[in-house]
Every structure is written in C-alpha cells, then in structure tokens.
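Enquirer: Each chain is listed here by its residues.
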Amino acid sequence: MPKVSVIIPVYNTEKYLKKCLDSVVNQTLKDIEIICINDASTDNSLKILQDYAKNDKRIKVINLSENKGAGYAKNIGLKVVKGEYIGFVDPDDYIDLNYYEELYKKAIVKNADVVKCDVIVVETNNEKKHSNLNCLIKEKSKFYFSYEYTSAIYKFSLIFDNYIIFPEDLIVGEDVIFLHKAVIKSHIIEIINNINYYYIRRDNSLNTDIYDESRMKSAIKTMEYRAQNYNQAFLDGDITQKVYLNEYLANILSLLQYTITKTNEYKLKLLCAKKAIELFKMCLSRNELEKIFSKKYDGILKYIKNNDTKTILNIYLKYKNIQNFCMIEKLRENVKRDMKYV
Amino acid sequence: MANYKLNENKMYADITDGIAIIINSETGIYYGMNAFGTQVYENLANGVSTDKILEKIKEFGADEANFKEFINAMIEKEILLSATDTGADVDLNEEIAKEDNLIIELKEYNDAQELLLADPIHEVKEEEGWSPEKTSLNKDKEDVARREAKMEQ
Numbered sequence: 001m002p003k004v005s006v007i008i009p010v011y012n013t014e015k016y017l018k019k020c021l022d023s024v025v026n027q028t029l030k031d032i033e034i035i036c037i038n039d040a041s042t043d044n045s046l047k048i049l050q051d052y053a054k055n056d057k058r059i060k061v062i063n064l065s066e067n068k069g070a071g072y073a074k075n076i077g078l079k080v081v082k083g084e085y086i087g088f089v090d091p092d093d094y095i096d097l098n099y100y101e102e103l104y105k106k107a108i109v110k111n112a113d114v115v116k117c118d119v120i121v122v123e124t125n126n127e128k129k130h131s132n133l134n135c136l137i138k139e140k141s142k143f144y145f146s147y148e149y150t151s152a153i154y155k156f157s158l159i160f161d162n163y164i165i166f167p168e169d170l171i172v173g174e175d176v177i178f179l180h181k182a183v184i185k186s187h188i189i190e191i192i193n194n195i196n197y198y199y200i201r202r203d204n205s206l207n208t209d210i211y212d213e214s215r216m217k218s219a220i221k222t223m224e225y226r227a228q229n230y231n232q233a234f235l236d237g238d239i240t241q242k243v244y245l246n247e248y249l250a251n252i253l254s255l256l257q258y259t260i261t262k263t264n265e266y267k268l269k270l271l272c273a274k275k276a277i278e279l280f281k282m283c284l285s286r287n288e289l290e291k292i293f294s295k296k297y298d299g300i301l302k303y304i305k306n307n308d309t310k311t312i313l314n315i316y317l318k319y320k321n322i323q324n325f326c327m328i329e330k331l332r333e334n335v336k337r338d339m340k341y342v
Numbered sequence: 343m344a345n346y347k348l349n350e351n352k353m354y355a356d357i358t359d360g361i362a363i364i365i366n367s368e369t370g371i372y373y374g375m376n377a378f379g380t381q382v383y384e385n386l387a388n389g390v391s392t393d394k395i396l397e398k399i400k401e402f403g404a405d406e407a408n409f410k411e412f413i414n415a416m417i418e419k420e421i422l423l424s425a426t427d428t429g430a431d432v433d434l435n436e437e438i439a440k441e442d443n444l445i446i447e448l449k450e451y452n453d454a455q456e457l458l459l460a461d462p463i464h465e466v467k468e469e470e471g472w473s474p475e476k477t478s479l480n481k482d483k484e485d486v487a488r489r490e491a492k493m494e495q
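Sequence lines, in order, name chains W and V. With my numbering applied, the first sequence corresponds to residues 1 to 342, in that order. With my numbering applied, the second sequence corresponds to residues 343 to 495, in that order.
Below, a list of computed lysine to any residue pairs in the SDA-like style, where the Cα atoms sit at most 20 Å apart:
#1 W:K318 / V:E384
#2 W:K318 / W:R332
#3 W:K340 / V:E447
#4 V:K347 / V:E368
Hints listed in this document are in silico derivations from the structure and should not be mistaken for laboratory results.
Can you build the whole structure from these sequences, using the hints too?
Expert: Structure representation (structure tokens):
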C-alpha cells in the first residue's frame, strides 16, 4: 500500500503540466502513487502524461474519451487509489519537494484525518502571496477550511467510510463540497506551516469575481449542498446544535452576500435570495433559527416567512447586509442622543 | 486641492434625517457625525474638491483646522479614499452649519461590534466548537511512538 496516492485531474494544461509533474515525481517521499486522469484534453497534455509514465512506474494514466468535468475525473481517481492518505494537485500548480513527506509524517504522528499546509498564490506577474487561511482555521474554527482543498492530504478511511466524493453536476464548487464533507467528518485536522502548495493564478482562470449564469447556478447549488451536508451532520450527531445553527446561518448569509459580490444580473440575484429563503426553511432547527433572527435580525424575519424574495433582495442591495439594515436606525438614535439632538 | 470618495469595499454609509452613519463592515466599528459634519461628508463623498468646500465653509466663518482634522480622521479610518475630481459643485446650508455652532464633529463607536460583524462563525465558543491542538495532542506517548516507528518503515 503506498503511503500517499496523488490524484491529478488534467484538462488542457500542457503549458504548466511538466512543472507540476516534476514537483510530484521528485518528492522526497518515494512511496507514493500518482493517478493522472486526462479529461479528454485537446492539447498535448496526454502525450506529456504518457512520457512521464514511461519513465516512472508510480504514474498511472487514465484517459477519458470525452470531457466529463473535474468532479467526474477526480471521482475516477478516487475509485482506483490505494494509498493510506490521498492528495490532490491541480495540473497547473506545483508543490514543495518535501511536501508529501512532511504532510504524511504529521498525519502518522498525530493520527490525523486531514493534514493541511500553507498555500502560496502565484499571481500572473509572478508575485507570490501567502494565504492566511491557516490562521483562521487554527484560531477560530475548522469550518473556515472551506477552500484550498488541494493543500491537504486526507485519510483513506475518512473518504471511503463516509462515502465522500465530488458532485459531478457542478461547474464550480465541486471541490468545496468534497472538502466540506471531509471537514465535517474529521476529528483531527492538523495544520503545518512552511510547507507550500503553489497555486498558480492564470489569466483565463475561472477565479474571476463575477459569475456568468451557469457558474452562478452552480455556486447556488453548492450552497444548497452545503446546507444538506449540515443537516446530515446534525442528524448524524457530528456537530452540536449550536455549531449547526451558526454554520447553517453563516451559509444562508453567504448566499445572500452573493447577490452583491458574484453577479450583476438582477434575475440571478433574485435566484440567490430565493434559494436563501428555501434554505432557511430547510433548517432542521427552524424554531431555534427563527429565535436567532428575532434576536439579531428581527426586521427581516417577516419577509422570509412570507417568501418575499424581492424585498429581501432590495434590502440587501441597499444595505449590503442584513446587520446594517436591522441596526442602522438604532445606531442613528444612539448618535443623535450622544450629539444631544434628542 | 484634493478629491475623495467613500471606501465602499469596507464601509457602508447611510444618511437619514441629516445624520450620516458609516459602518466599517470588517471591524463592526461605526461612525456618527453631527449635521454640519454630515453635510461636509456628503460633499466629499460626492467628489466635490476640498478647495470648494473650504471656501464655502470659510464664508460661513467655520474653522479651517477643524475641517482638515475631519478629513484626516476620515482618511486615517479608511472611510475616504483619494479620487479624481468629479467637477461637482459644493452644496452646503449655512443655517445647519450655524445650528451646530460651525463645528464639524465625527465620533467613533464600538458598542455594536458583535451585532454588526457579518460572520456568525465567530460566535462558536472554543469548547463547543473545535480546537485542532487539543484533540490532536490527546494521544498517549506509546501511541505516538508506535506511529513514528511505522513512519520510519
């Protein structure tokens, strides 16, 4: 059994692939298997993979005859892995040469379900920026670990005992859902610093701020899947009611925030608000959630109960978030009193 | 001469009843102004040049130092950012300025941070939420030694 199985889903990345593969095949941890899934690339990617595989028996190339998307490709990889731990590298990124050695060492010593390292974002002008996500995860909550899934390894049993796979119907966010479930089911998540995963920002990268219709719909679906995951986790007893309510609420508020941050189209904004109300009503502790709203966001609860999507959206567009809407008049009264206007 | 605009990425501003409230959505700190300050702020946020505003308030008899102090405070608190001249004309009401004794006032408040901060995750107490260090360190030495031995293989 290899110590780590590395899954690399490949689609048209001939320009970056060699650098990625070099960083993986030259790892100081030698006992690894490297599963490359070519998702019907139309460039030279398959040829590059096959050349590397000729020289390294640890590389297995799976060639898909039609393009099925990242989620499907990674699930194919999950079907064949044998390693104690599983890692992922995107084909345009690369990793430190002692990356898997250090992650695996930590995983074994701590019996960790997940071990995460640092991420360096390499901008198009080659400027390198350090992600600060690890600080948030360590200091605040494991639920901050909601992206950067490639910068970690996952215990085989965590993934297979809990049937954690990638959704195949999403254009964006399939990794978010995989990671979300893994984080929920993990008891021990370790963070190590000074070992780096290099995330390369490409010009044509999908990571632009504004989404088109199909990506927006995927993003909304992602939030729905996350809500379902929280519901299941609550039913399974993986999280306490307090954590459940906090996370469930955060998920709804994040979706509402998408109306401002992710799309300029009114009908897509409306779709976000509509789904947010739906998610509110899907909450398994709805009475408790309503109590939180009564306490913190009283002004908005009646619109949610009445399915008044348009009013909720208008409030969001005007006030930027529901806290501002619910608080602004109290704050103004406070200032007026302080300035002796009343 | 300088021109400014509201730092919309961080700040939410609302003017009602002639009183501006500005909320820093990252810190939950909010700012309030008196009516004269609100008028001056509104002109600044609309891109009216500081020269035009200063000329007008001097006509009213207001203090230049107070005006500069107000602008500097708003820059320091990242409420205002430098911007290009919009060419907008100054719009100030002398009566309102005089009712406030020609004094521009800006105050900072931190009494609603918890309610204003957008991220409810912060509310999870450590013992009820999750702590990576505690769980991972809760292993006896033998167990760790066994695992380390396995790693060397």
